[in-house]
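Here the protein sequences line up with chains E and S, keeping their order. In this text, residue positions in the first sequence follow our numbering: the first is 1, and each later residue adds one. In this text, residue positions in the second sequence follow our numbering: the first is 1, and each later residue adds one.
These are calculated hints, taken from the structure and not from any lab test. It cannot be assumed that every hint is accurate.
[As the list claims (entries may be wrong)] Short derived list, chain E residues pointing at chain S, Cβ under 7 angstroms:
#1 Asn-32
#2 Asn-289
#3 Ile-293
#4 Gly-306
#5 Val-310
#6 Gly-325
#7 Ser-405
#8 Tyr-436
#9 Ala-440
#10 Tyr-443
#11 Tyr-448
Glycine included, C-beta positions come from ideal geometry on N, C-alpha and C.
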Amino acid sequence: MTTAIAPAEGAPASQVKRPVIERGVLAWLRRNLFRTPFDAALTVILVAVGGSLLAQFLEWSIAQADWTVITTNFRILMQGTYPAEQGHRLGLSVVLITLLAGVSWGIWGKLFRATAFAFVGGVLIFVLVPLAAESLADSPRGTFGGYVSGQLAPLFSLLRDPVLLLVGCLLIGYGLGRFAKQIDRKRAGRYTLIAWFISIPICFVLVRGFSDADGILPVVPTSRWGGLLLTFMLAFVAIVACFPLGILLALGRMSGGTRKLTFKAPPRWWLNPLQWLRALSIWWRNLGNYPIIKLLCIIYIEFLRGVPLVTVFFTANLIVPLALGDNSIDAVVRAMVALTLFEAAYIAEIVRGGLQALPPGQLEAAKALGLSPVQATLFITLPQALRIAIPPLVGQFITMFKDTSLVAIIGLTELLGVSRAVLAQSEFIGRHRELYVFVAIVYFVFSYGMSYAARQLERSGSGAIRKIG
Amino acid sequence: MADLAKRFPVRRFAFWRDVRFLRGAVQLIVLAIVIGLAIWLINNVNQGLARARIPTDFSFLAQPSGFQIDEGLVDQPHKRTDSYANAFAVALVNTLRAVLVSLVLATLLGLFIGIARLSTNFLARTLALAYIEIFQNTPLLLQLFFIFTSILLTLPRATEPIVLPGPSYLSSSGLATPNLIPTETSGWWVLLTAIGIGVGVALWRRLRTIRLETGRTTYAAEIGLSVMFGVGILAWLILQPFTVDFPALGRFGYVRDRGAIVSANFVAIVLGLVLYTSAFIAEIVRSGIQSVPIGQWEAARAQGFTYGQILRLIVLPQALRVIIPPLTNQYLNLAKNSSLGAAVGFAEVFGVARTMAQSVSVVPIMVIVMGIYLALSLITSAVMNVLNARFQIKTR
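Next comes chain E alone, as it looks inside the complex (with noise of 0.2 angstroms):
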């Protein structure tokens, strides 16, 4: 901040004060926290409320919260009945999707210091707290110390190798993607989003399987997942399916252009019939070519844009086995279905909004070319709507994966519903405040996340249209 000061009526030049550049904490806090009386008034009250707060949180956390319920239903809470023996498989599909995004992270991304060291930091205070709980090994129960080694060490060593294994992974696949993106950059790229595409449906192989009980991958049923696992697999799944079939319903919904015929009522047209007609079929026209496929479309999406999923859910897991006359279909393939039908609206409207934000000249130069329209909207007009419409979609996915936890109630047992399931037992009845702010914290870190990474790809300018020059 600087402060000039205007020189007085007709004072010399010299006697003009050089500004004042101030620097240093104490002036940090006088721009920041303290410019005015009202300011400052603030900034006590906030001081008082969010460091009561804060104070309240932590003495809770770390003195007397019982987390023995996370320790205790840990591989529950994370994988349902998955079985233990077959464990391995979704190791190997988290290392998969972790490397790969790393990957991606050292191609698109970049690695600031801050987050780095928030990495560090992170990963330190899992190593650190247990092995400070060996020293506090005998410390009287009822003390701090006590506390670390009795409740905080078990839950933190217990956290300490899946972080160490996913931050590792982070870190490996980081390293590679800068690897690969100086040797070279644009097939660093393309090679990276082929590997997502083959590697999402290669995880949903490794955790479901495909042979009988002997064989090499014995199938796990849908019903015996669960937890975190469940969650990922219902965003996942409904991610990859209602993309394709957005992309078709936006496609239809702008179809056949527009016209812009309007209607000139005459006076007191509503009592005229004849005009009724006059004005239906100016409506109709104003369709365009394809007015009975645009109509599909629009009554699609915007009737699934207009219920709450909650009902999705809960009619297609009523109605879906009379639908298809089979009363085998699992609740999870019907809260898949379910999923992707409703989330293919948004992301519809999403894809639409970027292919309305294309110039039209690029329409128009693709016809000029001699393009075919399905050529033009594959090669020309689709990417480019895409490309604008990344920062929307990742949004979208983000509320896709908070949505999984809607079908804890039709019965579910995804991470909240799971965590409802272990509530409910006796030994476990008054543990909420410990099991929800756990669940929470595990939805923030992988939301928080995926925006942190759409911000990146956005600053990156990957999410721009590409200038000329």
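Given the coordinates of chain E, work out where chain S should sit on it, guided by the hints.
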């Protein structure tokens, strides 16, 4: 002309090469596929329902429901002997109540936090950021469960409630606040206040026109505002149109018919919806304010406007153009998210429908429920579209 037609004969080509035919054919095929699929699915559902002997008509609506709803505007709004249709009506009123209250509160809180997010005070903007990130990145259902188990279930019994200023009481039987009871003069008061506001607005406009035309100082806002509110306040003092009814504590908790009592479940769903939605509204407000060019701030500051005046008179009106479309989406989300009230035991449309589905066929119930939510969404977006049209830049 005939000569011309002979020299350039119209080339005839097969009708299936005509683009109009192709468009029509493609659409008819798609329509046939969709209709065929729909018929097949509906047929399957009907057969399945017939096999399970579940009726699919709406005749159940007139029958007694057999369950009771305690949540509502009046005491015991739905008794066991009342019809299913009545249950739907009661549930719809509850949904509307929760949505309207949350909508207003979430907008105010979101506006407040969105402005705090851009504050020059480091602490205010950091806390606002933390609030937004925490509530945006965790599922609403989780927040509702947390509110339900960690706040609602730990509230004291009604005999020893938490006393809030007012006095209002908060306990596991709900929130009891003072209520206004109309007397015989309240009709007159409403009439007088309405007249006062009308006259005030008319005066304000007239005086403003005079000022704009002649350049005289006419104190348009001051006179207009004082007439608008002065008449109402004076009439209040003279007529005493309402008596205040304070909530009372009896031996078994709140005394019925004293004060306004809302259930704890209502408090929980409103709290959840407000906290969650306000985080999203705050982000919308922030991006709206940031979309106003910085030159607008600087120009206003150069003309001596205070911070509050700049925000109120210069920035927010321009930001509203950017804010309203995404805000509409958030309002729609809020209305749809109210269907999670079932998670905190609040008797709204979806929750009541779930109870009904245990005794009657699910198909007609879900048709009604989805119809209600569709209508809610359509009304909300219609209202917001009108608002949006009013705030957009008028171009000539």
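Hints, one by one, checked against the model:
A cut of 7 angstroms between beta carbons decides the hint on Asn-32/E: the least distance to chain S is about 4 angstroms, and the hint holds. Taking 7 angstroms as the C-beta cut-off, the interface hint given for Asn-289/E holds, the closest approach to chain S being about 5 angstroms. Given hint, Ile-293/E at the interface with chain S, holds; its Cβ is 6 angstroms from that chain's nearest Cβ, closer than 7 angstroms. Evaluation of the Gly-306/E hint against chain S yields a held restraint, the C-beta minimum of about 4 angstroms falling below 7 angstroms.
For Val-310/E, the interface hint holds, the least distance from its beta-carbon to any beta-carbon of chain S being 5 angstroms, beneath 7 angstroms. Satisfaction of the interface hint for Gly-325/E is found here, the shortest Cβ-Cβ separation to chain S being roughly 5 angstroms, below the 7 angstroms cut-off. Given the 7 angstroms rule on beta carbons, the hint for Ser-405/E holds: about 4 angstroms separates it from the nearest Cβ of chain S. Hint status for Tyr-436/E relative to chain S: holds, with the closest Cβ pair at about 5 angstroms, below 7 angstroms.
For Ala-440/E, the suggested interface contact is upheld, since its CB lies about 5 angstroms from the closest CB of chain S, less than 7 angstroms. Below 7 angstroms, beta-carbon pairs count as interface contacts, and Tyr-443/E has one with chain S at about 5 angstroms; its hint therefore holds. A cut of 7 angstroms between beta carbons decides the hint on Tyr-448/E: the least distance to chain S is about 5 angstroms, and the hint holds.
Of the numbered hints given earlier, the model fails none.
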